[in-house]
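Enquirer: Between the sequences and the hints, there should be enough to build the whole structure, so can you do that?
Note that the protein sequences, when read in sequence, are chains A and B. Using this note's numbering, the letters of the first sequence correspond one by one to residues -1 to 270. Using this note's numbering, the letters of the second sequence correspond one by one to residues -1 to 270.
Hint data in this document are derived by calculation from the structure and do not stem from the laboratory. Note that beta-carbon positions come from the ideal geometry of N, C-alpha and C, so glycine has one too. Treat each hint with caution, since some may be false.
Unchecked claim - Have a look at the derived ranges for each label pair, beta carbon to beta carbon:
| hint | chain 1 | residue 1 | chain 2 | residue 2 | range |
| --- | --- | --- | --- | --- | --- |
| 1 | A | Glu64 | B | Gln113 | 34 to 44 Å |
| 2 | A | Thr78 | B | Pro211 | 26 to 36 Å |
| 3 | A | Ala37 | B | Lys15 | 18 to 28 Å |
| 4 | B | His75 | A | Gln113 | 45 to 55 Å |
There are 2 protein chains.
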Amino acid sequence: MISKNKIKFILSLQKKKIRDEQRLYVIEGDKLVREYIKAGIKLQLLVSKPEFINSLQPDQKDYMEEAELASYDDLKHMSTLKTPHNALAVVRMPGTDINLQEVYKGLAVALDFVQDPGNLGTIIRTAAWFGIRYIFCSENCVDVYNPKVVQASMGAILHVRVNYCDLRQFLGDARKKKVPVYGTLLEGESIYSIRAGRKGIILLGNESKGISPELMPFVTKKLVIPKFTSATIGIESLNVGMAASIVFSEFARRNRQTLTVSDRGLHPVHQE
Amino acid sequence: MISKNKIKFILSLQKKKIRDEQRLYVIEGDKLVREYIKAGIKLQLLVSKPEFINSLQPDQKDYMEEAELASYDDLKHMSTLKTPHNALAVVRMPGTDINLQEVYKGLAVALDFVQDPGNLGTIIRTAAWFGIRYIFCSENCVDVYNPKVVQASMGAILHVRVNYCDLRQFLGDARKKKVPVYGTLLEGESIYSIRAGRKGIILLGNESKGISPELMPFVTKKLVIPKFTSATIGIESLNVGMAASIVFSEFARRNRQTLTVSDRGLHPVHQE
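Expert: Following this line, the structure appears as structure tokens:
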């Protein structure tokens, strides 16, 4: 059975400071753990009920450095969820080196002060769906390895590189390279009619404050999601996750002839 | 100051059963209360700190049947939030009579077993944004007057009628009237190329199970949001709120010449 010290170590990973020092984070849930194994990600430590580990194939066990059994009560103690799952795992964070030349070749996302873990998680999930591989977060965004973000992204963080940086510097560099920066705002050109490029950075702002004034000079195209009602009360803006989904979908739709669409039960890509 | 009995009454409204009996629900937050007053909604009871009620205009006070002062501690006790706001109010639910002829004239939404309050709240908000005025929920969906739904919808429930009914009956009636039913699925025709009508019902399913088998026979058009990646692990589906936003946006885009777009800082409606 798992030792008290290891339980303490796993609990310590709920703190961003410790995660950053150790370059480790925790994933929770039978499904998520299986997804990571399926994706070939090495687990530093698997903690599970006996029935979970027994259900794994022998070759799947090669994907873990260490495995510990735990009781329901132990798992409940370590869990950030109300009801614990049968398994959780400690995983190494990916490296932070980014090839900007690669980023500038496609669409990337920049998030300014997105605070809600659920919003970041779903933005990562939608980005992955639409083939966006890089998200640049301002330093004051919620941490991508926060347990709630990991939970909400549901494994999509395996496909999207999330980096934290000074967005002024990042967007400044993009400007030098003539990479367009699309700012999602309450005023601008309709996303339905703007010339949506295949390259560029989609910048989304804070849940209530929008894009910071200090980042506005970097915006080269102002985007707006038109509102189809004359009502104003109670609908001043869209949730940032919703806005992200709509913008990503619209860019994907415009550019879809050049993108690969998964053929898992989907119609082939074709023009309207 | 507010009496213990009134506090008890407000707390009792956290229960769906009591809300339904009384036909009352609670809104929390200075902003939300102000929005309701601005929209001309009568408050059955306002509970606030003195500074909140003092900040209202004299004519705004006409919108309340009753007002009670409360301390921070009282508000904290009544609140469903970690940090209470300065005001909350008890509001009467709108009537439940629906003119189906009216519903069938435009786009409406049907939600099958949507359980997460945040999802329902944001779907209401996005529906309102795109001018959708009716949402039909299966009886096992989360209650629209659940405090978390009210909070997440941020006042948008003032613009959208949310009804609970047996969806088999509702969709059966739609079928008789030849109203198309668009089912959002993992297989079907791409939302980017389907003929999106100006009338019809957009049916969205449960967070993990999708649309119930018993409702599938009512679907006349199967919609899919194409995935722009060949990756599968960790991105089997989109969150139902995200999917809703993308589908509503796409229908609005196709039909926008016939809809009124608010002119608050937006470009006029025009074709691509």
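Enquirer: Run every hint past the structure and note whether it holds.
Expert: Verification of the hints:
1. Taking 34 to 44 Å as the suggested C-beta distance range, the pair Glu64(A) and Gln113(B) conforms, at roughly 36 Å.
2. About 34 Å separates the C-beta atoms of Thr78(A) and Pro211(B), a value consistent with the hinted range of 26 to 36 Å.
3. Separated by about 45 Å at the C-beta atoms, Ala37(A) and Lys15(B) break the suggested range of 18 to 28 Å.
4. Taken as a hint, the range 45 to 55 Å is violated for the pair His75(B) and Gln113(A), whose Cβ atoms sit roughly 27 Å apart.
Taken one by one, the earlier hints fail for this structure at numbers 3, 4, listed in ascending order.
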